[in-house]
Amino acid sequence: MTASGIVGVGETPYRTKRPDAGYVELVQEAAFAALRMAQLTPADVDAVVFAMAPTEFAGITDVEKQVVGAIGAAGKPFMRVHLGGATGGAAALAGHYHVASGMYDTVLVVGADKVSETRDAQKILNLIWDPFFERGFGLNTITMAALQAGRHMQLHGTTLEHLDQVSTRAWRRALRNPNAHLRGEISLEEAREAPTISWPLRRYDCCPRSTGGAAVVLSSERVIEDRGLPAAWVTGVGSSGNTVFIGDRLGPKTLGDYGGWPELRDAAERAYAQAGITRPREELDVVESYAPFSINELTAAEALGLCAPGEAGDMIADGAFDPGGEVELNPSGGTLCANPIAITGLVRTADAALQLLDRAGDFQRPGAQRALASAVGGSFQFQTCMILDREKPRSR
Amino acid sequence: MATTESLVLPEDWHLHYDYVAGPVTTRFLRGLEQGRIEGTRSPAADVVYVPPRAYCERTFEPLDEWVEVGPEGVIEGATIVVSKFEGYRDPPFALAFVRLDGADTSLVNFVEMEIGDVEEAMARLAPGARVRAVFKDEREARITDFAYELVT
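Those protein sequence lines, which keep their order, are chains A and B. Residue 120 in our numbering sits at position 120 of the first sequence, and the numbers go up by one each step. Residues are numbered in our numbering as their position in the second sequence, beginning at 1, plus a constant of 396.
To be clear, the hints were calculated from the coordinates, so they are not data collected in a lab. Any given hint could turn out to be false.
To be verified - No more than 16 Å apart at the CA atoms, straight line, and that leaves these computed lysine to aspartate or glutamate pairs for EDC-like: (1) A/Lys-392 with A/Glu-221; (2) A/Lys-17 with A/Asp-120; (3) B/Lys-532 with B/Glu-508; (4) A/Lys-253 with B/Asp-486; (5) A/Lys-392 with A/Glu-225; (6) A/Lys-65 with A/Glu-25; (7) B/Lys-480 with A/Asp-120; (8) A/Lys-123 with B/Asp-408; (9) A/Lys-17 with A/Glu-161; (10) A/Lys-253 with B/Glu-453; (11) A/Lys-123 with B/Asp-486; (12) A/Lys-76 with A/Glu-56; (13) A/Lys-253 with B/Glu-508; (14) B/Lys-532 with B/Glu-429; (15) B/Lys-532 with B/Glu-516; (16) A/Lys-17 with B/Glu-545; (17) A/Lys-123 with B/Asp-497; (18) A/Lys-392 with A/Asp-120; (19) A/Lys-76 with A/Asp-44; (20) A/Lys-123 with A/Glu-56; (21) A/Lys-253 with A/Glu-269.
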């Protein structure tokens, strides 16, 4: 294995619509921005990994084929990665595997999504369920998260105010991130009184439908050192899947309780072992977790070992993971403030890398040394995790 | 971002599917038509799966032992949908994952109940609450042939 690192990051603003850009143009915007940051050109790219989840949102089936010529991928290895919400995280892992294997020196991981191109996004998110057993009940990503939230509340005494603390703080942090889709000062009262969507989740507990593009460029140790590029080195990766059936993740014979994210715990343990991390709260400076619903910031913090199960609600309310805390959780505002689904996992990776490249602007944690990015997909059944470090990993 | 607004092209998709259920799901749905909820049992893992599986997800052995479960069971997770979504039932409505008596996994369905105050209704749907699967008179071999009702 060779060491790999992120040398370039490109992101577009995330908005409901981008009336000035077609799908391919969003991909170009992100890809070329990432290459510019890396001081590389399309000719330097040896392979492309394309992040795209269900294409029904953008409305062009298998839309990846449209971008090949537009980003300089013609004549090069090109593959699309799809893992539901975890797509962007899985694509980043695939980009790392490309480089770490020694097969390619520089890999572009890029994607875009237009979740608002259709008014029927929740209908599409209902179609992910089995038609015989589950689809008819209004299951979608919101009800899926609502079921988890209710169970977390029952198991750990989590309250609506805990959830409101998550959303109001996320919107406030997002004020520092010009790419964030939603941002602002919301009072706890506004959050509490917002219309309920699926109990206990109310408006501010839920992410928006976003449009945008993102890219990262990964290069090998050889290229990074030959060219003297600043890099966010990949020191650990992990991922884990579980059965699609939520009903199998409940009860005494559970395959991992649905009131938490045991799949993320598994993914993180693998990544921590590689990175030599034993005390994540002390050793990580920044965590960008894929938390599309307020409850997920709790389940992520707990699964990642930033605190014990059931502790995250109080700790978030106390500001423990706010800017300046021992570890900052979603300093960008996170997925609650922008969710271009296919690339959200890549945005987490990109925003984590920016911290180590000193490119995070107003949401920079000064001197951040080590960061983690995670992504979740399917029926909360897929989790990915990547650990980035300013220092090159020890050879192994 | 540029200031020129792009042209917008509207289009609707209408797609028809005929989903093939396969033998295991077909047997389950035919059971519902008869007013019966059945799962498949894995003797090696000592797990009764509902929905039924052709293979145990723990031992990967084929499953051919069918057992009837329910009609009562316990709520493991629930929510009440309050906002209207296109194509779904009019809100508010409750749905729950219920571990039916004799089953080791939970099956989702509507909980038919009066919903006034949502928080009060949710308290009645807390994990551990008991429900009963109640079948409709007119059945069509679909999962909606029954719904849960709270056991009082």
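Structure-based check of each hint:
1. Restraint check for A/Lys-392 and A/Glu-221: satisfied, since their Cα atoms lie roughly 8 Å apart, inside the 16 Å limit.
2. Restraint check: the Cα-Cα separation between A/Lys-17 and A/Asp-120 comes to about 15 Å, which is no more than 16 Å; the hinted pair holds.
3. This hinted pair checks out: B/Lys-532 and B/Glu-508 have alpha carbons roughly 12 Å apart, not beyond 16 Å.
4. Between A/Lys-253 and B/Asp-486, the direct Cα distance comes to roughly 34 Å. Violation of the 16 Å bound is thereby established for this hinted pair.
5. Restraint check: the Cα-Cα separation between A/Lys-392 and A/Glu-225 comes to about 11 Å, which is no more than 16 Å; the hinted pair holds.
6. Proposed proximity of A/Lys-65 and A/Glu-25 is supported: the alpha carbons are some 14 Å apart, at most 16 Å.
7. Restraint check: the Cα-Cα separation between B/Lys-480 and A/Asp-120 comes to about 12 Å, which is no more than 16 Å; the hinted pair holds.
8. For the proposed pair A/Lys-123 and B/Asp-408, the alpha carbon gap of about 13 Å is at most 16 Å, so the pair holds.
9. Proximity of A/Lys-17 to A/Glu-161 is assessed by CA-CA distance (about 31 Å); at most 16 Å being required, the pair is judged violated.
10. Pair hint A/Lys-253 plus B/Glu-453 holds up; C-alpha atoms about 12 Å apart against a cutoff of 16 Å.
11. Of the pairs offered as hints, the one joining A/Lys-123 and B/Asp-486 holds, with about 15 Å between alpha carbons and a cut-off of 16 Å not exceeded.
12. The hinted pair formed by A/Lys-76 and A/Glu-56 fails the criterion: a straight-line CA distance of about 27 Å is larger than 16 Å.
13. For the suggested pair A/Lys-253 and B/Glu-508, the alpha carbons sit about 27 Å apart, so the restraint of at most 16 Å is broken.
14. Straight-line distance between C-alpha atoms of B/Lys-532 and B/Glu-429 comes to about 9 Å, which keeps the hinted pair within the 16 Å bound.
15. Only pairs whose Cα atoms come within 16 Å are accepted, and B/Lys-532 paired with B/Glu-516 is rejected, the gap being roughly 27 Å.
16. Between A/Lys-17 and B/Glu-545, the direct Cα distance comes to roughly 43 Å. Violation of the 16 Å bound is thereby established for this hinted pair.
17. The straight-line distance between the Cα atoms of A/Lys-123 and B/Asp-497 is roughly 32 Å, outside the 16 Å bound, and the hint therefore fails.
18. Of the supplied pair hints, the one linking A/Lys-392 and A/Asp-120 is violated, its CA atoms being roughly 45 Å apart against a limit of 16 Å.
19. About 11 Å separates the Cα atoms of A/Lys-76 and A/Asp-44, which keeps this hinted pair within 16 Å; it holds.
20. Our distance criterion of 16 Å between C-alpha atoms is met by A/Lys-123 and A/Glu-56, whose separation comes to about 10 Å.
21. As the CA atoms of A/Lys-253 and A/Glu-269 are separated by approximately 23 Å, the hinted pair breaks the 16 Å bound.
Consistency with the previously given hints fails for numbers 4, 9, 12, 13, 15, 16, 17, 18, 21, ordered from lowest to highest.
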